[in-house]
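Peer 1: Okay, here's what each chain looks like letter by letter:
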Amino acid sequence: MNEKLLIDALKKRQNWAYEVLYREYAPKIGSIAKSFLNSDDVDDVVQDVIIRVLKGIKKFRGDSKLSTWIYRITVNVCKDYLQRYKRRNEVFTDFQEGEEDEYYLQPKSGEDILKDSLLEITAERVRMALEKLSPEDRLLIKLRDVDDLSYEEIANILQKPVGTIKSRLHYARQRLRKILEEGEENG
Amino acid sequence: MDEFDRLLDGEKSLEEVSDDVRRSYQLYRKILEMYKVRCEYTPSERLKEKILRRYKRKSAVLTGVLLGVFASVIFVFVLFDTLSLPSYRKEKLAQVQNPVVSDVIYFIKTVELISDGW
Numbered sequence: 006m007n008e009k010l011l012i013d014a015l016k017k018r019q020n021w022a023y024e025v026l027y028r029e030y031a032p033k034i035g036s037i038a039k040s041f042l043n044s045d046d047v048d049d050v051v052q053d054v055i056i057r058v059l060k061g062i063k064k065f066r067g068d069s070k071l072s073t074w075i076y077r078i079t080v081n082v083c084k085d086y087l088q089r090y091k092r093r094n095e096v097f098t099d100f101q102e103g104e105e106d107e108y109y110l111q112p113k114s115g116e117d118i119l120k121d122s123l124l125e126i127t128a129e130r131v132r133m134a135l136e137k138l139s140p141e142d143r144l145l146i147k148l149r150d151v152d153d154l155s156y157e158e159i160a161n162i163l164q165k166p167v168g169t170i171k172s173r174l175h176y177a178r179q180r181l182r183k184i185l186e187e188g189e190e191n192g
Numbered sequence: 329m330d331e332f333d334r335l336l337d338g339e340k341s342l343e344e345v346s347d348d349v350r351r352s353y354q355l356y357r358k359i360l361e362m363y364k365v366r367c368e369y370t371p372s373e374r375l376k377e378k379i380l381r382r383y384k385r386k387s388a389v390l391t392g393v394l395l396g397v398f399a400s401v402i403f404v405f406v407l408f409d410t411l412s413l414p415s416y417r418k419e420k421l422a423q424v425q426n427p428v429v430s431d432v433i434y435f436i437k438t439v440e441l442i443s444d445g446w
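Quick mapping for you: the protein sequence lines, in order, are chains A and B. Taking my numbering, the leading residue of the first sequence gets 6, the next gets one more, and so forth. Taking my numbering, the leading residue of the second sequence gets 329, the next gets one more, and so forth.
Hints are computed from structural coordinates only; laboratory data are not their basis. Hints may contain errors.
[Claimed, not checked] DSS-like, lysine-lysine: derived pairs with alpha carbons at most 25 Å apart:
| id | chain 1 | residue 1 | chain 2 | residue 2 |
| --- | --- | --- | --- | --- |
| 1 | A | K171 | B | K340 |
| 2 | B | K386 | A | K60 |
| 3 | A | K17 | B | K376 |
Bear in mind that the values here come from a model prediction, so they are computed numbers and not experimental data.
From just these sequences and the hints, can you work out the full model?
Peer 2: Next up, the structure:
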């Protein structure tokens with residue numbers, strides 16, 4: 006899909022453009038919200054972000070990619086939600102109980118002795134490890150290591166210099182590594 | 329950035345790093361796979377319709393407010409105009425009466441001029 010065509014159609018409020026926007030971006034918005042917030046408000050975030058996109062598309066000048074702009078809105082909306090959570094002082098539970106069993110890692114044939122330790126990694130351990138990270142750390146790891154976005158794109162989304170992003174990601178990775186290794190030693 | 333970062337960023341291969349880093353990397357990749365699964369999100373059709381409805385409703389509300397403001401301005405203008413009609417009518421009446429008076433004055437002045445001429 007030609008991005009310019011999509012933007013023009015969104016500005017003209019054409020229904021097909023909304024369909025494309027929702028199909029292409031709602032899963033990504035939801036995914037970021039899930040990693041950032043660790044809460045059940047993903048649908049609400051998706052809703053708020055898409056409404057903001059539809060309302061703000063006329064002001065979108067195309068200085069960055071559409072996806073970067075949408076990700077930036079998503080991060081801002083997520084930050085608003087985090088602020089709300091802090092105000093309400095809510096304690097959120099992560100993923101539903103019972104899901105854990107689905108994610109037990111299975112060893113692959115031919116793998117070295119690592120597989121024994123990897124076997125022990127359960128979804129519960131992953132959940133706990135990720136919960137120990139700050140939302141910003143989780144977001145950086147998600148954008149770079151899961152979604153494979155470039156440092157420049159992440160810098161654009163978070164509106165921070167590339168050097169800051171690299172440095173923060175380095176520490177986020179180190180923290181996650183440390184948590185995982187500690188988990189291994191204890192487990 | 330250390331070896332681990334370079335490995336993750338594809339700047340180094342597994343063969344180029346120490347055993348410790350390789351082990352950490354493999355563990356980390358596994359975690360990322362699970363993290364990816366955890367973050368997966370499939371938006372529903374219901375949500376799509378809901379967002380569209382909410383957006384259209386918001387636009388309709390905005391249009392309604394603008395129309396309301398416009399209608400109020402028109403109403404105030406008409407009301408003001410209506411209330412000020414009696415004085416306007418008075419002016420109109422005065423304008424109608426004035427020619428009668430001025431005609432008389434004009435007539436007198438003409439008579440005066442004629443008499444002066446004579």
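Peer 1: Each of the hints needs a verdict: does it hold here or not?
Peer 2: A quick look at each hint next to the structure:
1. A:K171 x B:K340: With a Cα-Cα distance of about 16 Å, the restraint between K171 of chain A and K340 of chain B holds, given a limit of 25 Å.
2. B:K386 x A:K60: Cα-Cα ~10 Å, so holds.
3. A:K17 x B:K376: Roughly 19 Å between the alpha carbons, so the hint for K17 of chain A and K376 of chain B holds.
In terms of the numbered hints stated before, the structure departs from none.
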